[in-house]
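Peer 1: Could you build all of it, start to finish, from the sequences and the hints given here?
In our numbering, the protein residues as written are 354 to 941.
Just so you know, nobody snuck in bad clues.
DEER-style ranges, computed between Cβ atoms: (1) Asp454 / Pro558: 37 to 47 angstroms; (2) Ala646 / Phe375: 46 to 56 angstroms; (3) Ala676 / Cys656: 20 to 30 angstroms.
Rather than coming from a laboratory, the hints here were simulated on the basis of the structure. Cβ coordinates follow ideal geometry from the N, Cα and C atoms, glycine included.
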Amino acid sequence: MRVLRDLRVDPFAVALVAAVGFAMLRAVLDGRAMADNFATMDNDDILRLVMVRDLIAGQGWFDLTQYRLLPPAGVVMHWSRYIDAGIAAMIVPLSGLVGMDMAEQLAVTLWPTLIFGLSLLVIGYGTRRVFGSWPACFALAITVIWPTTGHLHAGAGNIDHHNVQMLMMTIVAFALIWPVGPVIAGVIGGIAAAFSLAVGLETLPFIIVAGAMALGRHLLDISAASRGFLLAFCLALAVAAVLFWLGQTAPALRAIGHCDRLSLPALALIAVAVTASLLAAAVTRFGALAGLAAAVLVTVAGCVLIWPHLGPCLDGPYGDLPAELQVFIATRISEALPLHRFIRDSPAGFVVFTLPVIVAVAAGGIMLWRGAGPRMALTMLWVFCLLGLAMTAYQMRSIVMAGAVVPMLGGVVIARALEAYLRTRAPKAAVIWLVLATTLIAPMLIGQQVKALLPDDDAPAAAARAACRDPEALAGLNALPPAVFLAPMNLGPALLWATHHDVVSAGYHVDPVLLMNAVGPYHLPQDDIAAFLRQSGASLILVCRGAVYDNAFARSLAAGAQVDWLRPVPMPVPVAAQALLVFEILPQ
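Peer 2: Put into C-alpha cells, the structure is as follows:
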C-alpha cells in the first residue's frame, strides 16, 4: 500500500484496468473457439441462441413458442424476450458485415463480456464509494477469479439470463447501501429489482429481503433519507414490474397466472409488499411500532386475499411434474441439488463455489460482532450473503444470489484483514489474511487438491458425452433427411442448434411430456419401452456410443446391442458415426 502511494499510483485504477483487461483477453481467447465449443455449453445457453435465431427470422415478439420442440405444436418457454433482444441487437448488424455464423459467434462472446464488464464497473466503483479503494481492489479480484462470478455465467457463450440477474441484484444491493441520494438510489434499485424479476423469478427471495431491509431501516431510524429510499424503491419496483410484464407478455396471456415467470402471482405479491411498505412509511409518524404493525397487518391480509393466485406456486416450478421426474430433478440435476447432495457428489465443486460464501458469511459476521463499519452497509451485505447461503443449501442454482454480493463483502473482509496485519505485523494476522484471501479469491487452489485426492470414476462417461456434443459429429446428422429425434436430455438443444432436425426431448419443466421423453428412455425404468418410443412422436432415437445410462435398454444400445423394432441408421459422416448411434423407430 505504502509503495503504491509513494509511486503516486492509484491501486484501484490498476486493479480495474487489470480486471477489464483480463476480461477482454479471455473473451478474445474463448471467443475464437466458440464455433467448436458452443455445442458444449449449458443447454439454456444453446436454446437461447435458437430462440434468438427464431426472433431474427420473424417469429413474433410475444410468441415464446419453440416450435421445433414437440412439433408441430411446440413448447412455450418461460424466458424473457428482453435478453433475446439484446443478443439479436448484436447479431443483426454484425451479420451484414461478417455473415450469420460469424455474427452469432461474436455475439455469444460479446454479450456476456458486456454484462461482465458492467458488473466489474458497478462492483469496482460501488465498493470504492462505500468502503474505500483497497476493498474495491479485492472485490474486483474476487469477481474476476472466483468461478461463480468470473466463469460460471461470465464467459464466452454464457448468454442465459443468470449473468443479467446477478448484475441486477448487485445494483439493488448497492442502491440499499448507497450513502447519498436516497431517492435516486431507490428508483435505480427498484427498476433493477423489477428487471431482475422480468428475466427470471429466481431472484424473488433476494428482492423480498431487499424490500424488507429497506422497510426495517426506516422503522429503525424514521429519517427523511430512509423514508425517501423506501418510497422511491417501492414505487419504482411496482411501476417498472408492470411495464416490463406488459412489454413481454402477450395481451391474450395477461390474465393467466404462471408460477415460473413474471405474471399475476408475482405481481400480486409485489402489490402486497409495496402497499404494506407504503402504509408503514405513512404511519411511522406515530412511531416505529405503528409502522411495523401496519406492515404486518397489510401483508397478512394481502396474502390471504391473493392466496388463490399465490398458493399453487408454493410447490415451486416442478410441482406439476410427475413424482418420478421431481425425484430425478432433485437428485440428478446439479443446479437443482440441495447443498448436502452437492457436497456428496462434488466435494471439489463445493470448495470452489460454496466455501467462499461460507467464509464471507463467517468472517463478515465476526467483523460486525467486533463493531466494524460502516455498520448498516456491512450488515445489509451480510444479510444478503446469508440469504444466498441459505438458498444455496436448498438448491445450488441459488448460488447466484450470493455471487451478487460476496465480492463486496469479501473485498472488505480481505482488506480489513490486511490492515490488521500491516498494523501489527503478527504472524497470526498474516495467516488469517492469507487464508481469507485464498478461500475468497482463488478457492480453485484448494479445490484442485481435493479433486486430486478423489477417484475420477466419471472420466470415461464424460469423454463419451463430450464426443456426442462435438459440433462436427452433430453437424454430421444433417446428412440425414429432416426428422424428429428423441435424444438424451443434454443433446436436445444442441440438435436444434447444429442440425435441421426437430426433437421431442429436452430438460425443461415447462412441458412434462418433453422432460419425460428426455429422461424416461435413458434413466427411468419403463415397462414397455417400445410403446413409449412409438407414442413419443419421434421417428429416430439417438444414443451416445459408450455412454452410461441408468436405463438398461439405453445402456445396451450404447454398448452396441440391437432390437428388432429399431433399425440402425448408417451415418455417412465418419465423425458422427464414431460418436452417435441413430435408430429408426419402426411401427408396430
